[in-house]
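Residue numbers (this note's numbering), protein chains in the order written: chain A, 89 to 481; chain B, 89 to 481; chain C, 89 to 481; chain D, 89 to 481.
For the record, the hints were derived by calculation from the structure and aren't laboratory data. Quantities reported herein were computed from a predicted structural model and do not represent experimental measurements. Virtual Cβ for every residue (Gly too), placed ideally from N, Cα, C. Treat the hints with caution; some may be incorrect.
[To be verified] Part of the chain D face toward chain C, derived, beta carbon under 7 Å: (1) Phe-336; (2) Pro-346; (3) Pro-356; (4) Phe-388.
[As the list claims (entries may be wrong)] Below are the DSS-like pairs computed for lysine-lysine, each with C-alpha atoms no more than 27 Å apart in a straight line: (5) Lys-440/B - Lys-200/B; (6) Lys-316/B - Lys-329/A; (7) Lys-384/C - Lys-384/B; (8) Lys-440/A - Lys-147/C.
Number of protein chains: 4
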Amino acid sequence: MLLPGQIDFEGPFPKFSRRLRLGVVGGGRVSGMQATAARLSYRWDVVAGAMSSDPVRAKTAAADWFLDEDRCYTSFAEMAEVEAARDDGVDAVMITTPNHLHHDAAIAFLNKGIDVLCDKPLTNEVSEADALIEAAEKSGCVFGVSYVMSCFAVIRQARDLVASGAIGRINQIHVEFMQDWMTPDDVADAPHVKWRLDPAKSGKTSCVGDIGTHAAHLAQFVSGLAMKEVRADFHVCGAPKPLEDTAFMTTRFEGGVPGTLMCTRLAPGNRGGLRLRIFGSEGGIEWDLENSEQLKLNRFGQPDQIISRGHGHGMTTANERLVRTARGFPEGIIEAWGNLYTEFAMAVAARKDGIRAPSDWLGMPRVADGAKGVAFIEASFQSHQSGGAWVHI
Amino acid sequence: MLLPGQIDFEGPFPKFSRRLRLGVVGGGRVSGMQATAARLSYRWDVVAGAMSSDPVRAKTAAADWFLDEDRCYTSFAEMAEVEAARDDGVDAVMITTPNHLHHDAAIAFLNKGIDVLCDKPLTNEVSEADALIEAAEKSGCVFGVSYVMSCFAVIRQARDLVASGAIGRINQIHVEFMQDWMTPDDVADAPHVKWRLDPAKSGKTSCVGDIGTHAAHLAQFVSGLAMKEVRADFHVCGAPKPLEDTAFMTTRFEGGVPGTLMCTRLAPGNRGGLRLRIFGSEGGIEWDLENSEQLKLNRFGQPDQIISRGHGHGMTTANERLVRTARGFPEGIIEAWGNLYTEFAMAVAARKDGIRAPSDWLGMPRVADGAKGVAFIEASFQSHQSGGAWVHI
Amino acid sequence: MLLPGQIDFEGPFPKFSRRLRLGVVGGGRVSGMQATAARLSYRWDVVAGAMSSDPVRAKTAAADWFLDEDRCYTSFAEMAEVEAARDDGVDAVMITTPNHLHHDAAIAFLNKGIDVLCDKPLTNEVSEADALIEAAEKSGCVFGVSYVMSCFAVIRQARDLVASGAIGRINQIHVEFMQDWMTPDDVADAPHVKWRLDPAKSGKTSCVGDIGTHAAHLAQFVSGLAMKEVRADFHVCGAPKPLEDTAFMTTRFEGGVPGTLMCTRLAPGNRGGLRLRIFGSEGGIEWDLENSEQLKLNRFGQPDQIISRGHGHGMTTANERLVRTARGFPEGIIEAWGNLYTEFAMAVAARKDGIRAPSDWLGMPRVADGAKGVAFIEASFQSHQSGGAWVHI
Amino acid sequence: MLLPGQIDFEGPFPKFSRRLRLGVVGGGRVSGMQATAARLSYRWDVVAGAMSSDPVRAKTAAADWFLDEDRCYTSFAEMAEVEAARDDGVDAVMITTPNHLHHDAAIAFLNKGIDVLCDKPLTNEVSEADALIEAAEKSGCVFGVSYVMSCFAVIRQARDLVASGAIGRINQIHVEFMQDWMTPDDVADAPHVKWRLDPAKSGKTSCVGDIGTHAAHLAQFVSGLAMKEVRADFHVCGAPKPLEDTAFMTTRFEGGVPGTLMCTRLAPGNRGGLRLRIFGSEGGIEWDLENSEQLKLNRFGQPDQIISRGHGHGMTTANERLVRTARGFPEGIIEAWGNLYTEFAMAVAARKDGIRAPSDWLGMPRVADGAKGVAFIEASFQSHQSGGAWVHI
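Please model the complete structure; the sequences and the hints are all you need to start from.
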């Protein structure tokens with residue numbers, strides 16, 4: 089495939105003489121999006137799935153996805169078993185089930201030596217997350233976690249700028265994720281929403297585990313600083329519900345750097361307001377998912393700079409590798425997902441080919457990042473429970 | 089003066105057969121700005137001042153301001169005494185001294201029956217603020233406080249929209265004031281900055297009393313809800329200093345509505361980021377001082393709306409009264425200051441003429457608003473001192 | 089595939105029991121982008137190609153694209169011949185060669201009954217374009233043309249708004265396409281640029297035929313008015329070159345509506361400034377490719393409105409059909425390309441299944457639109473040659 | 089007055105030991121705005137006026153403006169006579185009458201040795217403009233013309249950047265002025281609009297002479313290149329009217345640099361869209377009156393830069409001289425007007441004091457600039473009359 093930069097990586101991987109085979113575990117729009125992104129990466133074919141435990145719906149899904157009927161399973165356990173035994177079985181699976189099934193599904197495939205890319209939050213319990221780290225290690229499998237925001241090309245550039253000292257010593261970190269889709273009182277009853285408010289499936293949190301964890305990961309990814317402590321208030325701002333729809337937090341990062349974190353699904357007029365701001369002794373950077381192609385960089389005492397994708401507007405060649413579309417034509421989140429699936433493919437191919445991928449090739453989040461996310465969710469929950477005490481993450 | 093709308097108010101005031109006479113108490117850029125705005129309002133002439141206790145600098149100021157030398161005083165006490173005795177003495181004074189002098193200066197003029205427009209924070213101590221409320225009442229004088237952000241025409245429109253139910257029941261209130269001028273380590277030593285970090289002059293806080301109080305007033309003014317409780321962390325993010333340069337707060341408004349409030353002077357790339365966001369059950373509004381002519385209104389389920397000054401873009405006639413400039417030509421903060429001085433002039437003229445101005449004429453903040461601001465500053469300080477406990481305001 | 093809206097269309101097409109088979113005629117980044125978009129649409133597999141007449145490069149392309157070596161041809165004539173004879177031959181081809189080959193390549197496939205999606209400009213000569221209309225008609229084949237800008241969901245919404253009278257009677261139409269990639273003097277020598285400045289390949293124009301024609305199509309697509317006359321000046325603004333890099337035009341649409349059209353590749357700071365503005369007696373709409381998800385709608389006397397993709401921000405359900413990504417997560421041009429390939433797939437499947445697709449299903453531009461584009465290019469060239477006379481299109 | 093930078097200029101001018109005395113010739117909102125700006129500059133008092141030839145309205149205006157009744161004249165001839173004879177007569181006048189009176193009014197005051205600041209367009213006829221140049225020269229008076237857009241601090245910065253080679257050799261110049269206030273069909277009948285469409289008062293053009301001339305001046309001021317030729321089409325886009333409401337032009341500047349110029353009052357959603365774009369061999373600059381505090385600078389191959397007022401964001405100290413408001417608080421057009429009146433005051437004081445102001449002090453447009461504007465209007469009219477021929481300016 090002639091897309092720029094990416095061919096540099098094909099050479100070392102004999103496995104890229106073919107596309108890799110991906111299985112889908114979980115249904116709905118999220119898996120559709122990810123499957124599309126996997127296709128976009130040009131390195132994956134979707135060949136099997138466990139989209140529903142209901143045989144009729146599984147069959148329908150097979151037809152919708154153009155899958156062989158006998159590779160549309162009604163359980164992930166069966167899928168792992170059968171696919172592992174096939175010569176043309178899946179090389180890897182994506183897991184996009186409700187949260188409470190992530191652990192069991194992942195274990196089933198790891199046990200069969202099948203690589204995994206799992207949705208966030210990794211699990212509902214810290215202990216399950218730890219178990220997955222261990223299982224991944226034991227199996228030797230690749231285990232990616234879909235903190236997809238870290239796969240935007242400009243976000244990689246932001247991280248590199250901060251690391252290079254462009255904004256000096258970090259003084260403050262602010263991140264928020266504001267959506268508005270839960271504004272109507274009755275939206276909580278919609279079938280694809282219901283499980284997100286059910287503690288048995290969503291875990292101890294709803295909004296925090298869904299989007300707060302994206303915010304926390306992004307802040308740490310770009311700043312290069314680990315979040316160490318959190319103080320949280322959870323709120324139900326709209327119609328009554330069993331879990332929070334909004335949370336306000338103050339945070340402490342390595343070295344005592346203070347910050348704030350907010351997430352809500354009830355901010356009318358905010359479609360996808362994931363906004364990161366990092367301020368330092370010599371400058372600041374700002375990014376907003378709603379305007380995802382632009383990175384604002386301020387170096388104090390100079391004009392503001394707008395860095396954007398496309399050679400010649402401030403991106404390094406290393407990060408341009410993640411760009412598919414010619415300068416001047418907009419990209420969106422599907423390309424960030426595509427980058428995640430490209431890096432996942434590289435890691436999978438490297439493992440199959442017995443190659444050790446240089447660490448700076450791949451920014452893809454891994455199981456350990458997923459586990460840190462679970463710890464953040466747990467700590468914020470504990471803080472909220474205690475009336476807003478500082479809790480170590 | 090033919091500016092539209094405003095002439096409607098001239099009729100009832102015999103005192104507007106002449107311009108009113110304003111005295112300036114305090115020097116520096118802030119008083120220059122306000123004097124200019126007073127002139128802009130077309131209802132004031134600046135005729136006297138106590139700009140410096142140093143006789144030489146007072147004389148220079150007189151020349152700079154084209155004032156008669158004998159009306160440039162070296163103390164506000166003398167100024168109050170002499171001006172009150174003159175037939176053509178000042179009708180009112182603006183007070184723009186460092187914070188710790190506000191109380192004494194205001195008392196001096198109130199005691200002589202001279203109306204006052206005082207800078208925020210009103211005082212450094214709650215007890216002093218209470219004393220000013222009492223003194224104002226006893227004197228019968230007009231006592232305005234310069235929470236100027238509430239005098240932007242679109243901010244008045246925002247308040248009216250919220251009051252009319254355009255965004256439904258309020259669910260969350262977020263406000264922040266982010267500046268960057270204190271980013272360089274050495275800026276704290278500049279003469280016009282020094283007093284802002286000196287507890288003897290600035291009071292218990294620096295950043296909170298300077299810009300945090302603007303944020304708190306604006307949130308309450310537009311939402312129509314009083315802030316009841318606050319939880320605060322103060323930070324020194326940049327070079328060491330005796331008072332905070334940054335503060336993060338969570339807040340509770342009437343009816344339990346939760347919110348956040350942030351202020352900092354170390355956010356590189358933020359020149360004047362006073363940003364208000366109020367989210368309700370049916371919509372939201374957002375405003376940013378850096379883009380002060382636009383008010384974003386979302387009514388959930390409809391396209392976002394941008395409301396702007398200039399007939400025909402969503403402003404009511406009542407608020408267009410505050411607009412001077414033809415549609416299509418930008419206004420800035422000087423016009424908000426001008427509105428404050430226009431409303432102050434109306435209140436002063438009404439008092440002189442024995443007219444009772446209908447309450448909906450004037451949105452100008454008064455001494456009671458100033459006292460509430462002092463209580464907010466005190467509560468946030470107490471919360472910070474206690475490690476972040478909720479403190480009643 | 090579970091992406092919303094799109095499954096509604098699967099039912100009537102037995103051919104969608106499988107993915108359709110696409111062949112690629114032409115190489116380079118443009119075909120890579122389109123192939124990716126075809127995959128994104130989930131209705132196409134890329135199975136064959138004529139990417140280069142050089143056998144070695146054809147082989148490399150086959151490997152890059154994961155194609156069977158025997159389906160990577162060195163001529164489109166051979167490809168048409170062989171693929172037409174295969175049971176699993178391509179259902180359709182995309183043509184992305186340099187302009188001067190479009191006609192011959194398209195004829196080769198039409199003659200074999202293979203559907204075609206051809207890049208713009210359709211041809212370099214009006215006579216060739218007419219020949220393609222005739223050949224398409226005779227063959228009964230589907231013939232799409234890649235004016236992809238008309239496939240953004242918000243552009244469809246813009247068209248519907250104008251048609252519904254939201255802006256009243258149209259008074260003015262302005263469109264411009266401003267890029268900056270040709271700013272450096274030496275860029276014209278780059279291999280992928282060279283043919284664009286070679287009259288033998290690019291035709292009588294370079295910038296006009298490449299991006300001016302996008303602008304002209306978009307203006308007509310959204311306004312619903314045909315462009316009737318044009319007056320043009322061509323310029324070489326940068327380094328000397330055999331064809332124009334910039335053109336300024338004034339235009340006349342049906343009913344005498346006046347307009348302007350500009351295109352240039354030398355506007356530093358403009359990455360992809362395709363900007364459309366249509367003003368009417370009661371309002372106006374504005375769109376900019378650099379901010380492609382937002383459509384500005386003004387209804388005179390009301391606040392400006394920002395219409396965006398995602399249910400509940402002003403898009404109709406009919407246009408939401410073209411949206412893949414959940415509200416709040418950005419889309420880019422790949423999704424517009426995907427929409428083009430989805431509509432092309434529907435048209436191809438309908439033909440194969442003997443179904444007549446209702447005309448309002450498909451906004452995809454067709455061969456007749458392509459021919460109108462060629463006529464526009466020719467007319468603007470004639471006008472330029474004549475020193476700026478009005479020329480009928 | 090303590091506003092920064094400006095005091096540097098007080099020293100050399102003995103006349104600034106007092107404020108200068110300004111007379112107003114012409115009524116309505118425009119003169120109100122300018123009078124306010126003159127007050128804002130802190131160097132002018134408004135002391136006399138000829139606001140109406142109707143004695144009753146003149147009296148009302150005197151009251152509105154707080155002027156002495158005996159200095160509110162019903163003719164400018166009388167005003168010139170009487171004021172010239174007074175010891176405390178006006179130092180200068182602003183002329184804001186309808187266009188056709190500019191010449192006679194200006195002559196009346198020049199003949200009495202009174203300095204003039206005249207609205208644009210300077211006159212309706214080229215011959216009258218030439219006569220004013222001559223009269224100004226003979227009288228030795230200061231003669232400013234209110235091309236106020238050139239008095240924004242960031243516009244001065246733009247000019248300096250272009251002059252310093254920041255964007256290389258200029259290749260293209262685009263400017264447009266788009267308003268929407270004339271969209272409603274009945275607005276042309278409003279009393280303050282009527283004269284603008286009456287050829288006897290407005291001259292041969294309406295929109296071009298009102299706002300097109302602003303656009304033409306701005307393009308030349310910032311680029312430093314004179315506009316040499318123009319080709320124009322005038323349009324009546326809305327309700328029928330005797331003069332154009334819209335014009336589209338192509339232009340040629342010194343050295344053959346091509347450009348475009350558009351103006352219209354019927355672009356709904358455009359409040360004050362005066363937009364300038366200059367593209368060169370190494371970069372480009374863009375400015376929009378609707379976002380007047382930001383100047384976009386692109387240097388090709390680098391991130392876009394946003395230059396803004398306020399020390400440390402890319403403005404030079406020389407241009408910061410024109411800034412009144414602290415960094416972070418927005419300015420608008422009143423400050424540009426204020427800058428014009430400041431520079432006019434300096435020129436007037438310099439003349440009175442017999443000082444020759446260094447030429448780089450004052451960017452204020454002069455009578456020669458006004459005459460060039462008249463020539464531009466005439467040339468565009470001739471071009472339109474001839475069906476769009478190139479006409480030399």
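Open item on the list: Need the list of violated hint numbers for this structure, in ascending order.
Closed with: Structure breaks no hint.
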